[in-house]
Amino acid sequence: MYSRRIVVTGMGAVTPIGNSVGGFWQALLDARSGVAPVRAFAIDGFRPSYASEVKDFAPDRAGLPRKKLKVMGRHAQLAFCAALEAWSDAGLATATDSTARATDSRATATDSRATATDFTATATDSTATATDPRAQDRSRIGVILGIGMLSADVMELGRTFYAAAHASSTNGSQSEAADSFDTAAFGRSAASEMLPLWLLRHIPNLAAAHISIALDAQGPSNTITTGCVSGANALGEAARLIARGAADVVLAGGADARVSPLAMLRYRDLGWLATRDDVEPAAVSAPFDEDAAGFVNGEGAGIIVLEALDHARARGARVYAELAGYGAANDAHAFLEPHPDGRAIAHSVSVCFERSGLNSTDADVVFSPATGVPAFDRAVASALTKTFDSSRPATTATRSVVGHTHAASAALDCIAAIKSIGESKLPATLNLRRPIANLAFVTGAPYAADISTAVVSAYGFGGHAAALAWQRCSS
Amino acid sequence: MNRHVVITGIGVVSPVGIGIEEYWRGLTCGRSGVGPISRYDASGLSVQIAAEVHGFALSDYMDVPGTFVANDGRSVPLDLRTQYALAAVDMSVRDAGIDGGGVWTDAHLYFGAGEGDNDLALLSRMVTPASTRDGCDVASLLAHADATQFSLRDQLIEPTAPASLIARRYGIGGEVTTCLTACAASAQAIGEAMRRIQEGECELALAGGAHAMTSALDVLGFAMLSALSCRNDAPTRASRPFDRNRDGFVLGEGAGVVVLEEAGRARRRGARIYGELVGYGTANDAYRVTDMHPDARGAVGAIASALDDAEIDPDEIGYINAHGTSTIENDRAETIALHRALGDAARGIPVSSTKSMTGHAVAAAGALELIAVLLALREQVMPPTINLETPDPDCDLDYVPNRARAHEFTTALSNSFGFGGQNVALVVRA
Numbered sequence: 001m002y003s004r005r006i007v008v009t010g011m012g013a014v015t016p017i018g019n020s021v022g023g024f025w026q027a028l029l030d031a032r033s034g035v036a037p038v039r040a041f042a043i044d045g046f047r048p049s050y051a052s053e054v055k056d057f058a059p060d061r062a063g064l065p066r067k068k069l070k071v072m073g074r075h076a077q078l079a080f081c082a083a084l085e086a087w088s089d090a091g092l093a094t095a096t097d098s099t100a101r102a103t104d105s106r107a108t109a110t111d112s113r114a115t116a117t118d119f120t121a122t123a124t125d126s127t128a129t130a131t132d133p134r135a136q137d138r139s140r141i142g143v144i145l146g147i148g149m150l151s152a153d154v155m156e157l158g159r160t161f162y163a164a165a166h167a168s169s170t171n172g173s174q175s176e177a178a179d180s181f182d183t184a185a186f187g188r189s190a191a192s193e194m195l196p197l198w199l200l201r202h203i204p205n206l207a208a209a210h211i212s213i214a215l216d217a218q219g220p221s222n223t224i225t226t227g228c229v230s231g232a233n234a235l236g237e238a239a240r241l242i243a244r245g246a247a248d249v250v251l252a253g254g255a256d257a258r259v260s261p262l263a264m265l266r267y268r269d270l271g272w273l274a275t276r277d278d279v280e281p282a283a284v285s286a287p288f289d290e291d292a293a294g295f296v297n298g299e300g301a302g303i304i305v306l307e308a309l310d311h312a313r314a315r316g317a318r319v320y321a322e323l324a325g326y327g328a329a330n331d332a333h334a335f336l337e338p339h340p341d342g343r344a345i346a347h348s349v350s351v352c353f354e355r356s357g358l359n360s361t362d363a364d365v366v367f368s369p370a371t372g373v374p375a376f377d378r379a380v381a382s383a384l385t386k387t388f389d390s391s392r393p394a395t396t397a398t399r400s401v402v403g404h405t406h407a408a409s410a411a412l413d414c415i416a417a418i419k420s421i422g423e424s425k426l427p428a429t430l431n432l433r434r435p436i437a438n439l440a441f442v443t444g445a446p447y448a449a450d451i452s453t454a455v456v457s458a459y460g461f462g463g464h465a466a467a468l469a470w471q472r473c474s475s
Numbered sequence: 001m002n003r004h005v006v007i008t009g010i011g012v013v014s015p016v017g018i019g020i021e022e023y024w025r026g027l028t029c030g031r032s033g034v035g036p037i038s039r040y041d042a043s044g045l046s047v048q049i050a051a052e053v054h055g056f057a058l059s060d061y062m063d064v065p066g067t068f069v070a071n072d073g074r075s076v077p078l079d080l081r082t083q084y085a086l087a088a089v090d091m092s093v094r095d096a097g098i099d100g101g102g103v104w105t106d107a108h109l110y111f112g113a114g115e116g117d118n119d120l121a122l123l124s125r126m127v128t129p130a131s132t133r134d135g136c137d138v139a140s141l142l143a144h145a146d147a148t149q150f151s152l153r154d155q156l157i158e159p160t161a162p163a164s165l166i167a168r169r170y171g172i173g174g175e176v177t178t179c180l181t182a183c184a185a186s187a188q189a190i191g192e193a194m195r196r197i198q199e200g201e202c203e204l205a206l207a208g209g210a211h212a213m214t215s216a217l218d219v220l221g222f223a224m225l226s227a228l229s230c231r232n233d234a235p236t237r238a239s240r241p242f243d244r245n246r247d248g249f250v251l252g253e254g255a256g257v258v259v260l261e262e263a264g265r266a267r268r269r270g271a272r273i274y275g276e277l278v279g280y281g282t283a284n285d286a287y288r289v290t291d292m293h294p295d296a297r298g299a300v301g302a303i304a305s306a307l308d309d310a311e312i313d314p315d316e317i318g319y320i321n322a323h324g325t326s327t328i329e330n331d332r333a334e335t336i337a338l339h340r341a342l343g344d345a346a347r348g349i350p351v352s353s354t355k356s357m358t359g360h361a362v363a364a365a366g367a368l369e370l371i372a373v374l375l376a377l378r379e380q381v382m383p384p385t386i387n388l389e390t391p392d393p394d395c396d397l398d399y400v401p402n403r404a405r406a407h408e409f410t411t412a413l414s415n416s417f418g419f420g421g422q423n424v425a426l427v428v429r430a
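Residue numbers (my numbering), protein chains in the order written: chain V, 1 to 475; chain Y, 1 to 430.
The hints are all genuine.
Chain V side only, calculated, beta carbon under 8 Å to chain Y, not exhaustive:
{"#": "1", "residue": "41"}
{"#": "2", "residue": "46"}
{"#": "3", "residue": "152"}
{"#": "4", "residue": "158"}
{"#": "5", "residue": "198"}
{"#": "6", "residue": "221"}
{"#": "7", "residue": "462"}
None of these hints come from the bench; they were simulated from the model. Note that the structure is predicted; figures quoted are calculated from it, not measured. The beta carbon of each residue, even a glycine, is placed where N, CA and C say it ideally should be.
Chain V with its partners taken away, still in its complex shape (with noise of 0.2 Å):
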C-alpha cells in the first residue's frame, strides 16, 4: 500500500468498441468486437484487410478546434477526448474556472483564457465543483501519458516522394541508379508538398502538452514510450509522483494509433498481425487459444485521475477505487520474442503485491496481456500459471474484444479493471475455445463476481512487464 494512499476519481476512454468508459464497458460485456474492416483507408486485396478502429470519432465535436487537429496525431487528439473525460467525470475545475483567479498567468490571462475556452467548451459542468481552494492549485496537477510511434504519413510522404521523383528527373539526375534516393530533390519538394508543422504531430510528448494546456496542469509531466507497456509505466509512475507528495492529482493512460498503411506492413511483415481470412474479422482476435493467428491491429486511449485519497476526500469527490500497489520489470532476454517463461510478468506481479502488501491469493480476477501472437499468449500463460498456481482467479483477456491498441491496452484494462470492482461483474475473453492453458478462464457470458482486487498484467516486445493491483476503496 502507498503511504499516502492512491485513488481513482474519473475515467476517459475512446476506443473501437465504445467512445466513452460507458459505451466501452457496456460493449465489453456484451462482448462486441471492435474488428471490422478497415475504414480509414483502402486496404482492398491486403491480408488483414480488417482492424479494430475507433469509429465515428469527432474530435471537432469534443471540442477541438480545427486548427489544432492539424497539428495533432491521431493519437493525440484521441488521447485529448479521453483526457476530458476523465476530467469532467472526476468533477475536477477546468482552466476556465482557475483562469479568472489565477495568480500567475497576469501576463497570458487573455491567451490562456482564450485557449481553455476553445478546448473545454465542451467538456464540463464543473461550476458546481470549482469551489474547492485545492483544486486551483495548478501546480499540483500532473500529466504522464504512455504514448506509442506514430508512423509516417503515407499521403504526405507519397506526395513529396511524387514531386521529387519528378524534379530529379526534369533536372536530368537519372543518371543515378533508379533505386538511389535523391536527398536534396526530397528536401527541395517536401517545403510545397509537406505540412510546414507536419513534426508537431509525431513529436510523442505532445499529446501530453496539449492535455496539460487545456487544463492549466502546471505540476509534472511525463511521456513513457515502453512500446504496449506504456500506459501501465505512465500509472505507475503517476503513482509514484503522489506518494512522494510531488502532486495531488495526475491524469494517466495511454494512447495509441498504429492503424495505419506503414504500421499493417510493419506488424504483417514481423508475423505479429492475425491474416486468417477464414472466419469472420470479429472471430480474428483469439488470445490464449490453440488457434490463435496474431494480434489484430488496435488504437485507443484511456486516461485515469489518480488522486491522492486526502485530497478527493478534501473535495468530496467519488471515488472508484484505489491503486494498491505497482510493480514492473524487464525479461532482459531478447527485442521481439518473449522469454518463454514471461519471466518479468511473473517478476513485476511479485514486486506488486510486494508493495501492495497482497499475495497471489487476494487476486479476484487478472486483466491479462494476452494479444493473440502465439509466443507471447504462451509466455503469458506460463507466468499466470505459475504466479496464481493455488488460487487461480478468474483470467480475462480484453484484446479478444478490443484488439490490440498498444500503448493503450493496458490503461484500458485498467478501466476495464475499475469497472469491474465498481459493477461486479467480469467481461469474457471471446473467441477462447481451446485454451492453451489451465486458468479459470471468463467465457462466455460475463460473470457476475464480487471482485474488491483486481490486478491488470502488461506484456510487450522489448520484455517490457508491469503489473498494478486496484482494489475497492475502504474507509
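With chain V's structure known, arrange chain Y on it following the hints.
Frame of chain V, contents of chain Y only:
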C-alpha cells in the same frame, strides 16, 4: 527518503568528443562540433548544417556487431541513436568499475530517447512506386510493397529499442523505462532514476539518453518549424546561445549515460564518486505547444523545486549549465527564469551553454549537459559559451563567454526545458 544518490560512472558520445577525456577537452578548448551535414546531400534543405558525431565505430567500444539479427536470420543495421547508447552504457559501466555477474538483476534503467531515424531511401523504395501527385495509392502500396527490410527497421527505431537492447546485454531485470519529454527527456530520466534509489526501489541504476535527430527528415521537420539556425555558410558560428545575433538551434546527436548508485553501496565498494545528485525538479508551462511561457513559469517552477529538493539557497549554486539552445526565445526566457528563480543571486553565478559547441542533441541533451557539469566540478573549470560576441540586452548574466574559466565551486545546476513545455532542473554537489 534519506538515501543519498551518487554518480560513479560516466559514458559519453558527442560531436565534440567520444569518451570522458575527449569530451572534456572538446568542451574546454571551445571547439564547435557543428559542420556541414556529411551523411547525405543536404543541398535541397534550407538548413545544411548539424553537429554530427565523427570517427565513431561501435566495434571500437564493444564486441557486438552494429546490426540487429532477428531469429529468422534477417538483419538490419542498428540506427545511430542505438549504437551511441550501447557505446555510452558500456563506457559508463567500465568507468564505474562494475563487473558483470548478478549486480544488474535488480537494477533499474531509465532512458530518455526518441525514435531512431527514418531511413528515407528505404521508405522511398517502398512508397515511391505507389506515390501519386496527390499522395499515395494505398491499395497499390499494400499490395506490392516489399516491407521485409522496412518492418524490422521500423520496429528497431521504436523509442524503447536502446533501453531494451541494453537491458538484454546487461541482464537488467528491474524496471526499464524509456521516456520522451523532448529536450528534457534524459534529464528527467536521471531525476526519476535518482528518486527510485532515494525511495529504496533499487540501489543501482543506469540513466541517461540517446538521440540522433540529424537525418534529413529530422532536419527538415525542425527547419520547417523555423527553429533552426540558417547559418549554412558559417557552421561553427551557428550555435550562439545568448548572443544578440543568434537565429536558432543546431541539431546535434549523441548519448550520455551515468551510473547512479546509493551512496552507501558506492562507498562500500570503494567506488570513485563524481558527485552527489541532490536536487531534481520538474514543472510544466501549460502554455503553448511551440512557445515557452513569456514569464518562464514552468522553468521557474522546475528550478525552484530542484533547489527546494536540494535544500539549498540560490547563492549556494556555483555554476549553471543552461539549456541555452540559441533560439531567440529560449535564451531570453531562460534568463528571465534564472532571475525569477534565483533572485539577486543570479547576477553572481556564471552560466554557460555547452550547446554552443555540441549543438542540440534533443533527448540526449540533458544527460550530455549533466556530464559536462560533473566534469566541471571535478576539474573546477567551467566550459564556455562560444560564439558569444555581441551581448543581448535581454540576456544580462555572466555566460562565461568564449573561454573556459577556472572557478571554485561545489554545487551546480543543470537546466533542461522540453519542447512542449516540460521543464527539468537537476542539482549536483561535489
